[in-house]
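Could you put the whole structure together from the sequences, leaning on the hints where they help?
Residue strings, one per chain:
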Amino acid sequence: MQIKVENNKAWFLVLPVFIIVAFSAIIPLMTVVNYSVQDIFDPYTRYFVGTEWFEQVMQDSRLHEALIRQFIFSFTILIIEVPLGICVALMMPTKGRGASLALILVAIPLLIPWNVVGTIWQIFGRADIGLFGAFMTNIGIDYNYSSNPIDAWLTVVLMDVWHWTPLIALLCYSGLRSIPEVYYQAARIDQASRWAVFRYIQLPKLANVLVIGMLLRFMDSFMIYTEPFVLTGGGPGTATTFLSQSLVQQAIGQFDIGPAAAFSLVYFLIILLVCWVFYTTIMNMQKDK
Amino acid sequence: MASITLNALAHTYTENPTKPEDYAIREMTHVWEQGGAFALLGPSGCGKSTLLNIISGLLKPSNGEVLFDGKRVNELKPEERNIAQVFQFPVIYDTMTVFDNLAFPLRNIGVPEHKIKSKVHEVAEILELSDQLKRKAKGLSADQKQKVSMGRGLVRDNVSAILFDEPLTVIDPQLKWKLRRKLKQIHEQFNITMVYVTHDQLEASTFADKIAVMYNGQIVQFGTPRELFENPTHTFVGYFIGSPGMNFFEATLENRDQQDKLVFGKEEISVSDAMLARLKAMGANKVKVGIRPEFVHVWDGKNNDAFAVEVDYVEDLGTYKILSFIFQGQMMKARLSEDQQVPSGQIYVSFPEQWTKIYVDEYLVDITDSAIAVDQAQEISHAN
Chain A
1 MQIKVENNKA WFLVLPVFII VAFSAIIPLM TVVNYSVQDI FDPYTRYFVG TEWFEQVMQD
61 SRLHEALIRQ FIFSFTILII EVPLGICVAL MMPTKGRGAS LALILVAIPL LIPWNVVGTI
121 WQIFGRADIG LFGAFMTNIG IDYNYSSNPI DAWLTVVLMD VWHWTPLIAL LCYSGLRSIP
181 EVYYQAARID QASRWAVFRY IQLPKLANVL VIGMLLRFMD SFMIYTEPFV LTGGGPGTAT
241 TFLSQSLVQQ AIGQFDIGPA AAFSLVYFLI ILLVCWVFYT TIMNMQKDK
Chain B
1 MASITLNALA HTYTENPTKP EDYAIREMTH VWEQGGAFAL LGPSGCGKST LLNIISGLLK
61 PSNGEVLFDG KRVNELKPEE RNIAQVFQFP VIYDTMTVFD NLAFPLRNIG VPEHKIKSKV
121 HEVAEILELS DQLKRKAKGL SADQKQKVSM GRGLVRDNVS AILFDEPLTV IDPQLKWKLR
181 RKLKQIHEQF NITMVYVTHD QLEASTFADK IAVMYNGQIV QFGTPRELFE NPTHTFVGYF
241 IGSPGMNFFE ATLENRDQQD KLVFGKEEIS VSDAMLARLK AMGANKVKVG IRPEFVHVWD
301 GKNNDAFAVE VDYVEDLGTY KILSFIFQGQ MMKARLSEDQ QVPSGQIYVS FPEQWTKIYV
361 DEYLVDITDS AIAVDQAQEI SHAN
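Top line first, the protein sequences correspond to chains A and B.
Heads up: the first sequence begins at 1 in full-length UniProt numbering, then just goes up one per residue.
Heads up: the second sequence begins at 1 in full-length UniProt numbering, then just goes up one per residue.
Be aware that one or more of the hints could be misleading.
[As the list claims (entries may be wrong)] Below, in silico cross-link-like pairs of lysine-lysine (BS3-like), each with a Cα-Cα straight-line distance of 25 Å or less:
hint, chain 1, residue 1, chain 2, residue 2
1, B, K176, B, K138
2, B, K60, A, K95
3, B, K288, B, K333
4, A, K95, B, K77
5, B, K134, A, K205
6, A, K205, B, K138
7, B, K136, A, K205
8, B, K60, B, K19
[Stated by the list, open to error] Among the chain A residues that face chain B by a calculated CB cut under 7 Å, a handful are:
hint, residue
9, G96
10, I179
11, I189
12, D190
13, R194
14, W195
15, P204
16, W276
17, T280
Calculated from the structure, these hints are not laboratory results.
Ideal Cβ placement from N, Cα and C applies to all residues, glycine included.
See below:
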């Protein structure tokens, strides 16, 4: 009697994908999980500590403060960048050479490396030699981002708005371009006001790109590191120390790998959770009632 | 409600037009009477939509005037002209309910809410959308969406005219017929001037009382469907209207045995003496002869008065047959009824004089008394 041997060799075809995903995501993440449950003294001495680091992270008031700052920061820049980006997109010319010129001008901030952005603003905002800082000083406003927490916040927010509003603007611009001319014609015939055109034609058609834009901006701003690090170094005090900077201080500055790993995972889960809640809410809102 | 007059209207998209081809609309003067149902029929790119957009004010004409009830409206914006326009692809406001969509034009002009309510319900009733009012417009089917965009035109009082720009393109064939009938009903009920742009002759003739056929930026004929069929005044109308279109061949005016004859190949085409005299007077040597396939007479047997032609092939279209034959080297078509026997080989056809149309420079040579009287009057005035 002959038994037919099933050939499962086709599984090898998914091997490359499996390897790539393993190296790009699963293994690094598992390493972090591994660290988060151990207390490591040196390469040969380590103890399993269970959820101890997680408990510690959850109760760490420094991290709580950083988390609150982080939420305030992300919320602030979204509140500013989204409407501003829409306005910029609405004002950008649509035809001729002006259109390409506007596109290039708007896109420039996006092309600048992040630490360069930080450096630009660090100099731009200096009260003695910076264009912005010196201007503020000259008109009699006491502005100093390295000593005054409010000024520091203002500068960081301004920098992020300058850096990232173009992303929202470009996304909206492409969204606006995809609206057929006939919608505007119909609106004119229906005697719609400029506001009604925006509210009932442009905004609904922008909804999808705006969701993407807001998600991107939320995730990016929630993970912001380089620019404030270069600009203020998290100061004055801890005024502009956001989550990722606390994390780096902990992991590399103090070499507390275990708590830092636990922190990373919590951090990751927060982003995942917020994005998921945001996305599902929007999608449910869009559904036919 | 208004009559729409186009006075010496022309439009070009180029900045410095030099030749007639630069014009999307060549100079025309045309009147759409108040309360009529009109179709604007023509192939893609002939300027139909341009003309429609000029009437609605979405485009400003380069030359000439648009008059509503004799009043110049060139300077008025679309929103001030009080017209409604339905586009090829249904335009609805996605985020609104059907009710809000229909109420939108009224809300924009600040009509009180209780009036809006009764008006919207009235229009929804006519369009059979009453049970859909609370739904989001986004989820509607294409024909319902198109009804909603039509409804937005109907809710306003005293709309001057409703313009349709190929409104049934995206609608399923069975529903097309229903929707077209709905349009007709609405027209009868409201007595609004309606202009319906289409490239489909069937759509045009079922909807409109009078059809304007457009070709190369010009209205080449304006008449009832029957007039367009029986008496096309331009070769394009003959070719475009009817299925298949008119047969054309080029004939010459020759003098044979002291008599003028219209000759094609070896054959003489019989036309009236009046026509021959007229052609001679016009000095036209080369003319186009047109005859509809429906009017080509196919004889059952040999007939010495008819032309002997060669059958090429026969198509059976179910309710009728199309016979293709070679007449003096030229392919022509004749329409046969379904029960007519299918000839083959050599057959005999004749062209009844009444249905044989003569064209000079693509335009019909009209020899009815009134047409001649007009021409003579013009000649006299020119002579003076």
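So which of the earlier hints does this model not fit?
The structure breaks hints 9, 10, 13, 14, 16 and 17; every other hint is satisfied.
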